[in-house]
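A.B. asks: One letter stands for each residue in the lines below.
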Amino acid sequence: MKKRIGALMAVMAMSAAFAAHAQQPVKKAAPNAAGATDATTADFEKFRDVLEEDNPAELFEARGEELWKAKRGPHNVSLAETCDLGLGVGKLKGAYVQLPRYFADADAVMDAERRIAYCMVKHQGFKAEDLAKKPFSSGNYTPELVSLTTYVAGHSRKMKFAVPQKHPKEKETYQIGKEIFAYRAGPWDFSCSTCHGQEGMRIRTQNLPNLSTSEGALRAVQGWPGYRMTGGVMHTLQWRLNDCFRQQRFPEPNYVSPSLTALLSYMTVNANGQMYKGPGIKR
Amino acid sequence: MADPMKIRAQMKGDIAEIRVLMSHPMETGQRKDSNGKIIPAHHITSITVDVGGKRIIQGQTGPAVSRNPVFGFKVKGPKAGDKVVIHWEDNKGDKRTDEATIS
Chain A
1 MKKRIGALMA VMAMSAAFAA HAQQPVKKAA PNAAGATDAT TADFEKFRDV
51 LEEDNPAELF EARGEELWKA KRGPHNVSLA ETCDLGLGVG KLKGAYVQLP
101 RYFADADAVM DAERRIAYCM VKHQGFKAED LAKKPFSSGN YTPELVSLTT
151 YVAGHSRKMK FAVPQKHPKE KETYQIGKEI FAYRAGPWDF SCSTCHGQEG
201 MRIRTQNLPN LSTSEGALRA VQGWPGYRMT GGVMHTLQWR LNDCFRQQRF
251 PEPNYVSPSL TALLSYMTVN ANGQMYKGPG IKR
Chain B
1 MADPMKIRAQ MKGDIAEIRV LMSHPMETGQ RKDSNGKIIP AHHITSITVD
51 VGGKRIIQGQ TGPAVSRNPV FGFKVKGPKA GDKVVIHWED NKGDKRTDEA
101 TIS
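The listed protein sequences derive, respectively, from chains A and B. Numbering follows my numbering, in which position 54 of the first sequence is assigned residue number 54; successive positions increment by one, without gaps. Numbering follows my numbering, in which position 43 of the second sequence is assigned residue number 43; successive positions increment by one, without gaps.
So that you can see chain A by itself, here it is in the shape it has in the complex (with noise of 0.2 Å):
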C-alpha cells in the first residue's frame, strides 16, 4: 500500500505544477473563540440558505440537462441512453450520493466526475486529452463536465449520502484515501490532516472541519458541485482538491485522477447518512 501511494504521488510530480505567488496560509488554533466562532459559523449558513433560493447553479444544471440527453461526439450518442453511474443506465436520482463506488465494466472505483468523464471518452468518443486540456471553470468558461456534474448532483438533492463500501476495491479505495489524506510531503512538510485533521483549527477567518469526523467530512462535501460568487464561476470537487494541493505546494493531480477518487471515497464514506442539499453557492 505505501509503495502504490508513493507511485501516485510520482504521477503527479510529473505534471507539477506550482503555484507561486499564493498566500501563505497562516494556521492558529483558536480554543478560546469557540463560541464566537459557532455564531459566526450559524450566521455563514443563514446567509447562504437565503442565497440558496435563488442558486445560479440551477443555470448549470440546465445546461447539464441539455448535455446529457444529446446525441454528441464522434460516436452521437447521448450519455442518457449509454452512461451508468451505478444505478442502471441513464438511472440519475441518487445516483451522486452513492459516488465513488466500484464499477465492474472499467473495474475500478470512480467518483462522479471521473465516471461521467469515462461515459464521454467510451461511450461517446471523446478524446481524454481533449478533455483534460482545460478542465476547469474560468471567466465566461465552463468545461462540460462541470455542467454534467452539477445536473447529476441536483438529482440527489435532499438525499442522505449512501456511499457503498461492500467491494473489496471500494474499500481499499477509502484505505488509500485515508492514506493519501495524512501523506506528509512537499516544500512544507504538509498534509490534508495537518489543517483538517483535527479541531478548532482555521486558516485565516476560515474554520476548517476536521475531515476524519462524520460531521467535518459532510461539511467538505455538502455544497459541492458549488457556484463561486467570487468571479461566477460553476466549480466541483475535483477544482476544490485540486486547489488544497496546490495550496500545500504539493504537485497538482493528473485529470479525474484515481488519487482524488480516493480522497472523495474517504471524504464521503465518512459523511454517510447524512443529507445532501444538492448543489451549493460558495462566498
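Since the hints were made in silico from the structure, they are not lab data. Please read these numbers as outputs of a predicted model, since none were measured by experiment. Even for Gly, the Cβ is constructed at its ideal location relative to N, Cα and C. Honestly, I wouldn't trust all of these hints.
Claimed, not checked - 20 Å max Cα-Cα, derived SDA-like pairs, lysine to any residue:
hint, chain 1, residue 1, chain 2, residue 2
1, A, 178, A, 167
2, B, 12, A, 53
3, A, 91, A, 159
4, B, 12, B, 79
5, B, 12, A, 159
6, B, 74, B, 34
7, B, 6, A, 133
8, B, 74, B, 7
9, B, 6, A, 155
10, A, 158, A, 232
11, B, 6, A, 167
12, B, 83, B, 99
13, B, 6, A, 49
14, A, 133, B, 34
15, A, 134, B, 81
16, A, 282, B, 66
17, B, 32, A, 141
18, B, 6, A, 51
19, B, 95, B, 34
20, A, 282, A, 205
21, B, 83, B, 34
22, B, 6, A, 232
23, A, 91, A, 70
Claimed, not checked - Each pair of labels, with its calculated beta carbon distance range:
hint, chain 1, residue 1, chain 2, residue 2, range
24, B, 98, A, 141, 23 to 33 Å
25, A, 74, B, 60, 28 to 38 Å
26, A, 47, B, 40, 44 to 54 Å
27, A, 130, B, 14, 54 to 64 Å
28, B, 38, A, 43, 36 to 46 Å
29, A, 166, B, 63, 47 to 57 Å
Once you've looked at the hints, dock chain B against the given chain A.
C.D. replies: Okay, now just chain B, sitting in the frame of chain A:
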C-alpha cells in the same frame, strides 16, 4: 442565443413574489484579460416585466450588476394563474424572453 431564465412567481397573500435568475456574463468593459487587453463590455441594458398582459416594470441596468443576476419584485394586484413575461436585451443586441405562471 442566450440561455433561458429561471422564473419563480408565487402568491404570498395578495402580493405576488416574482424572482428571476438570468444567465449573462455581465462584463463591465473595465476588466483586462491575461494579455492586458480590455474585455469589451457585455451587459444587459434593459429589462421589462409584464404580468397578466400589463407592463409593470420597464428598467435599465448597467455594468454594476453582477454576473448571472437575480432580480426580485413584489407586485400587488395579480392573482394565481396570471402569466409573467420577462424580457431582457443587452448592449450587443442579444435578447431573451421567458414566461412563467403565478402559482
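A.B. asks: Against this structure, judge whether each hint is valid.
C.D. replies: Results for each hint:
1. A:178 - A:167: 17 Å, holds
2. B:12 - A:53: 16 Å, holds
3. A:91 - A:159: At roughly 15 Å apart (the allowed maximum being 20 Å), residue 159 of chain A and residue 91 of chain A satisfy the hint.
4. B:12 - B:79: 10 Å, holds
5. B:12 - A:159: 28 Å, violated
6. B:74 - B:34: 42 Å, violated
7. B:6 - A:133: 31 Å, violated
8. B:74 - B:7: 13 Å, holds
9. B:6 - A:155: OK: residue 6 of chain B and residue 155 of chain A at ~18 Å, within 20 Å.
10. A:158 - A:232: With Cα atoms ~24 Å apart, residue 158 of chain A and residue 232 of chain A exceed 20 Å; violated.
11. B:6 - A:167: Violated, at about 42 Å.
12. B:83 - B:99: 7 Å, holds
13. B:6 - A:49: Answer holds: residue 6 of chain B to residue 49 of chain A is near 18 Å, not above 20 Å.
14. A:133 - B:34: With a Cα-Cα distance of about 18 Å, the restraint between residue 133 of chain A and residue 34 of chain B holds, given a limit of 20 Å.
15. A:134 - B:81: Judged against 20 Å, a Cα distance of about 45 Å means the pair is violated.
16. A:282 - B:66: 15 Å, holds
17. B:32 - A:141: 16 Å, holds
18. B:6 - A:51: Given that 20 Å is the threshold and the Cα spacing comes to 15 Å, the pair holds.
19. B:95 - B:34: 29 Å, violated
20. A:282 - A:205: 15 Å, holds
21. B:83 - B:34: At roughly 45 Å apart (the allowed maximum being 20 Å), residue 34 of chain B and residue 83 of chain B break the hint.
22. B:6 - A:232: Roughly 17 Å separates the two Cα atoms, so the pair holds.
23. A:91 - A:70: With a Cα-Cα distance of about 16 Å, the restraint between residue 91 of chain A and residue 70 of chain A holds, given a limit of 20 Å.
24. B:98 - A:141: 23 to 33 Å: 24 Å, holds
25. A:74 - B:60: 28 to 38 Å: Taking Cβ atoms as reference, residue 74 of chain A and residue 60 of chain B lie about 46 Å apart, which means the hint is violated.
26. A:47 - B:40: 44 to 54 Å: The hinted range 44 to 54 Å is violated for residue 47 of chain A and residue 40 of chain B, with Cβ atoms some 33 Å apart.
27. A:130 - B:14: 54 to 64 Å: 55 Å, holds
28. B:38 - A:43: 36 to 46 Å: Given about 38 Å between the Cβ atoms, the range holds.
29. A:166 - B:63: 47 to 57 Å: 54 Å, holds
Against the hints set out earlier in the document, violations occur for numbers 5, 6, 7, 10, 11, 15, 19, 21, 25, 26.
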